[in-house]
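S.K.: For the record, the sequence lines run as chains A and B.
The numbers in the numbering used here rise by one with no breaks, and the one at position 102 of the first sequence is 102.
The numbers in the numbering used here rise by one with no breaks, and the one at position 266 of the second sequence is 266.
It should be emphasised that the hints constitute simulated quantities derived from the structure, not laboratory data.
Just so we're clear, the structure is a prediction, and the values are computed from it rather than from any experiment.
Certain hints may be false.
Derived lysine to any residue pairs resembling SDA-like cross-links, with alpha carbons at most 20 Å apart [said to hold, decoys possible]: (1) A/Lys100 / A/Asn161; (2) A/Lys162 / B/Ala374; (3) A/Lys100 / B/His155; (4) B/Lys377 / A/Glu131; (5) B/Lys307 / B/His155; (6) B/Lys721 / B/Lys669; (7) A/Lys164 / B/Ala374; (8) A/Lys164 / A/Gln103; (9) B/Lys329 / A/Ile129; (10) A/Lys100 / A/Glu131; (11) A/Lys101 / B/Arg331; (12) B/Lys329 / A/Ile107; (13) B/Lys559 / B/Lys669; (14) B/Lys329 / A/His123; (15) B/Lys377 / A/Ile129; (16) B/Lys365 / B/Gln345.
Footprint (simulated), chain A over chain B, 3 or more residues, beta carbon under 8 Å [stated by the list, open to error]: (17) 84-91; (18) 308-322.
Glycine included, each C-beta is placed from N, C-alpha and C at the ideal position.
Spelled out, the chains give:
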Amino acid sequence: MNSLPPNRHKSGKILLLRNREGILEAEAADYSHGPVQLICTFPFSYPEQFISVRTSDGEEIALLPNLLSLDSFSQIEARLELDRRYMIPRISRIISIRRKKNQWIWIVNTTYGDVTFWMDHLHENVSEINECCFIVTDREGRRYEIPDIGTLDPHSRSEWNKVK
Amino acid sequence: MGIHKERNSNVSGVAGSEWLVLTADVNQQLIFELLQLRVCDSKIGIYDSAGRVQRSYARQDIQSLLLREAVGGGSLHVTTNSQTIEIARFTTPHMEAYRKAMPELEHWIHSTWLTDWDQPSHDADEDKCPKCGKVARLGVLPCTHGKGKYTVLQHMSRYFKPYRHLMLYMAGLLILSVLFDMVPPYMTKMIIDDIATPAGNHKVLLWLISGLAVAQIVATGLQMSRGYLGIRMGGKLTGDIRRDMFHALMDQSIRFFDKRQVSQFIGRIHHDTDEVKHFLTDGLIQLLTQLLTAVFILAMLFHLNWKLTAIILTPVPVLMLGMLWLWPKVRTLWYAQWQSSIIIQNVIGEALQGIRVIKAFAQEKTEKTRFNIANDKMVQRTVSIQSMWLAMTPLFSLFTSLCGILIWYLGGRTVLSGEMTIGTLSAYTAYLMMFFGPVKWFAQSISWVNDAMGASERIMEVILAPVEIKDLPDAQPLKMPEGEIRFEDISYGYEKDRQILHDIQCTIAPGEMVGLVGHSGAGKSTLIHLLCRFYDPDAGQILLDGQDIRQIRQEDLRKHIGVVLQETFLFDGSIAQNIAYGCPDASAEQIIEAAVIANAHDFICRLPDSYDTKVGERGHRLSGGEKQRVAIARAVLLNPRILILDEATASVDTQTEALIQEALNRLIKGRTTIAIAHRLSTLRSADRLIVMERGRIVETGSHFELLQRRGLYHKLVESQKQKQDQDQSVEVHIG
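The whole structure should be built from the sequences, with the hints applied where relevant.
M.R.: What follows is the structure, encoded as structure tokens:
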């Protein structure tokens with residue numbers, strides 16, 4: 001491989017692969033950038049779009065408009081990396097939101113499995129990203145994403161509408 | 001949960017003695033699972049909740065351990081001869097424990113035996129509520145576990161204590177008042193049964209009628225006195241609550257406000273205390289009155305005819321159950337309604353604060369739409385709540401009418417059979433109708449009480465919120481410090497999963513002027529925030545003259561630190577009041593002297609009202625440079641030993657900058673000064689420059705030393721030179 005100075009590349013020219021140590025690396029044309037990190041520039045609004053590929057020094061070498069612009073192998077590696085970089089479970093179903101004493105107890109299904117968590121105040125722990133997307137923070141600071149409240153099942157929406 | 005270190009009594013390196021246990025709550029498939037990372041002298045392994053080992057690595061096989069911080073958590077990786085493997089994954093709450101464990105783990109890998117095991121480590125359990133064991137997030141939320149409605153009531157009841165004598169008077173008046181309310185129906189009964197007969201006595205009739213009139217007058221008088229006392233007490237009480245809320249907000253640390261939209265508190269202090277006030281002045285009196293009335297009337301009803309009363313009371317348990325079922329639903333509805341009102345307040349607050357930007361970008365329509373959405377939601381909530389009570393009044397009237405008809409029928413039969421007199425029946429129906437008053441009130445008060453309860457909880461949420469940065473019980477006063485500042489291994493992040501400062505080490509000598517240099521986001525302002533104790537570092541300590549600043553009373557510490565920021569906040573008062581903000585006792589001479597030093601005196605004298613000029617909200621009647629010089633005068637008057645200049649000349653023109661720079665040069669003499677400036681030329685006179693990058697100190701030295709070193713500072717200077725050259729060439733072209 002040549003040691004060309006790192007330039008910004010078009011997404012179609014970028015290959016993402018893992019090295020022997022399991023660290024994600026990027027290659028473009030005949031130049032290897034070494035270990036890279038992927039940054040979602042819109043982790044909630046566009047989780048698979050506008051992905052910034054950066055070297056370990058933080059220098060951006062590409063801004064992928066969409067993961068689909070990568071080859072299929074790189075896409076798999078990119079998703080794997082993003083799943084591990086953004087540890088924010090997505091809520092797929094709200095079983096119940098109820099209040100016990102001064103605690104709000106949430107029982108939900110998430111991409112990380114079924115979970116029950118609690119919080120003190122709804123008004124301080126549910127924040128709006130946009131009209132449909134919300135971030136719920138539990139008492140210990142874990143965040144959960146509701147990507148689109150409108151696409152949840154009627155029971156989940158009814159539980160949500162009771163309190164918000 | 002968290003990090004637990006146990007020092008084994010046999011620390012000579014016996015294989016199998018675990019010295020570190022950390023929680024890993026996410027498995028490799030990214031599913032929540034409670035696992036434990038256990039480290040003993042010979043190996044590291046991950047274990048499931050049943051204690052079965054999932055993976056483990058011998059110490060001699062491990063080349064390095066790597067902590068990868070992610071968004072919402074992190075992971076620990078082991079590198080062996082052949083590969084790097086993720087050994088543990090965890091969510092945000094456990095991040096700090098891993099960070100703290102890393103140096104010890106590094107030490108463990110590279111040491112032969114673990115013999116230097118003396119440092120006590122942080123235990124995540126320290127932050128847990130001692131009662132419930134749940135984690136209390138300091139500065140973010142109060143641990144209200146076990147603080148149910150009764151605890152809220154308990155806290156609220158503290159406010160009654162100063163008025164207990166007044167309350168006793170009120171209770172006496174209340175009992176008398178209710179007793180006098182009982183009199184008229186009974187006297188009516190006597191008039192019907194004893195006087196309205198052929199043998200009736202005119203003189204007795206006159207006495208009874210007079211008694212009836214007196215009873216009515218006394219009852220009204222008592223009611224008025226009670227009402228007056230109630231209003232007086234309620235007013236004072238809400239004043240106390242409002243005061244405590246504001247004081248609690250003032251005592252809160254900056255982080256509390258970082259997390260919240262502050263405009264909500266204006267409404268909350270008003271609205272929530274108002275809700276409580278209504279309840280305390282009207283509601284509480286009503287509640288007690290209705291309760292006493294119901295008890296007395298019930299006694300009268302039983303006295304007049306216990307059989308009929310027993311029949312009437314049959315549906316009461318059903319009503320009670322209905323109320324219990326309705327209670328939580330109403331509570332949630334009120335809470336949702338309140339949230340909608342807070343959103344409206346925030347929208348209004350933000351729009352008004354940013355009105356200049358809205359106008360400049362012609363975004364009035366967008367803001368109107370935003371408001372309309374919030375408003376529609378509020379309307380929807382209001383309709384939901386009111387609809388719930390829509391049918392209540394007519395249904396209750398129907399119920400009371402049916403009861404009345406039933407009583408006339410059953411009572412009529414008893415009168416016909418001679419078991420009861422007409423007067424008794426008449427008094428009975430009158431009492432029954434009076435009895436329905438409290439019953440109806442109780443049903444309707446579910447909504448009222450819930451609203452007031454919610455408001456009380458929210459008041460207590462503010463008053464009881466733990467203060468993250470508070471003085472230690474043994475905090476020392478600070479007399480005139482020398483001004484030596486030492487940062488020792490400082491690490492800090494505003495969020496648990498994002499560290500801003502890493503292992504900052506530096507000492508600033510008394511009277512030294514130090515310039516902090518670096519790109520935006522390098523952590524310069526964060527370092528200053530830590531010095532002012534707006535936040536406490538996650539690790540390490542800051543020493544002022546060798547004393548940890550956490551051991552110094554905050555008020556004293558800040559009295560000795562003068563701050564001049566890029567954005568100066570002026571209060572809506574006169575220029576003199578703003579200059580004297582840190583020293584309210586300053587004389588006019590001192591204020592003028594400070595203004596002269598700050599190069600502000602001349603422009604102030606040009607204003608029509610000079611030092612008495614009102615600066616307007618946020619000082620909008622003054623220019624940026626003028627506000628800046630008022631801020632410098634403020635710092636001069638404070639006469640601090642330590643001075644912080646955070647981009648103090650960034651937003652002014654060259655001529656004004658020269659004036660400000662001149663003022664600053666006078667100000668910094670003899671004080672330990674830390675200055676942040678992007679315009680590096682302003683820091684040339686600094687004794688030393690500290691160059692920061694990504695939360696670390698990368699270079700220190702004088703301007704010339706750093707230039708010679710040709711490192712980051714050299715790059716920054718060169719890039720600024722290039723920019724200046726470009727700007728000049730553009731000016732020449734335009735010229």
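S.K.: Against each hint, give a clear statement of whether it holds in the structure.
M.R.: Against the structure, the hints come out as follows:
1. A/Lys100 / A/Asn161: holds (18 Å)
2. A/Lys162 / B/Ala374: holds (16 Å)
3. A/Lys100 / B/His155: Holds - the C-alpha atoms of B/His155 and A/Lys100 are around 19 Å apart, at most 20 Å.
4. B/Lys377 / A/Glu131: holds (12 Å)
5. B/Lys307 / B/His155: violated (44 Å)
6. B/Lys721 / B/Lys669: violated (29 Å)
7. A/Lys164 / B/Ala374: holds (12 Å)
8. A/Lys164 / A/Gln103: Holds, at about 16 Å.
9. B/Lys329 / A/Ile129: Since the Cα atoms of B/Lys329 and A/Ile129 sit roughly 28 Å apart, the hinted pair is violated (cutoff 20 Å).
10. A/Lys100 / A/Glu131: The given pair, whose Cα atoms are some 28 Å apart, is violated under the 20 Å limit.
11. A/Lys101 / B/Arg331: holds (12 Å)
12. B/Lys329 / A/Ile107: holds (18 Å)
13. B/Lys559 / B/Lys669: The given pair, whose Cα atoms are some 18 Å apart, holds under the 20 Å limit.
14. B/Lys329 / A/His123: Holds, because 18 Å separates the two Cα atoms, which is no more than 20 Å.
15. B/Lys377 / A/Ile129: holds (17 Å)
16. B/Lys365 / B/Gln345: holds (18 Å)
17. 84-91: Check passed, 5 qualifying residues.
18. 308-322: With 0 residues closer than 8 Å to chain A, the stretch 308-322 of chain B misses the three-residue bar; violated.
Figure legend: structure checked against the earlier numbered hints; hints not met, in rising order: 5, 6, 9, 10 and 18.
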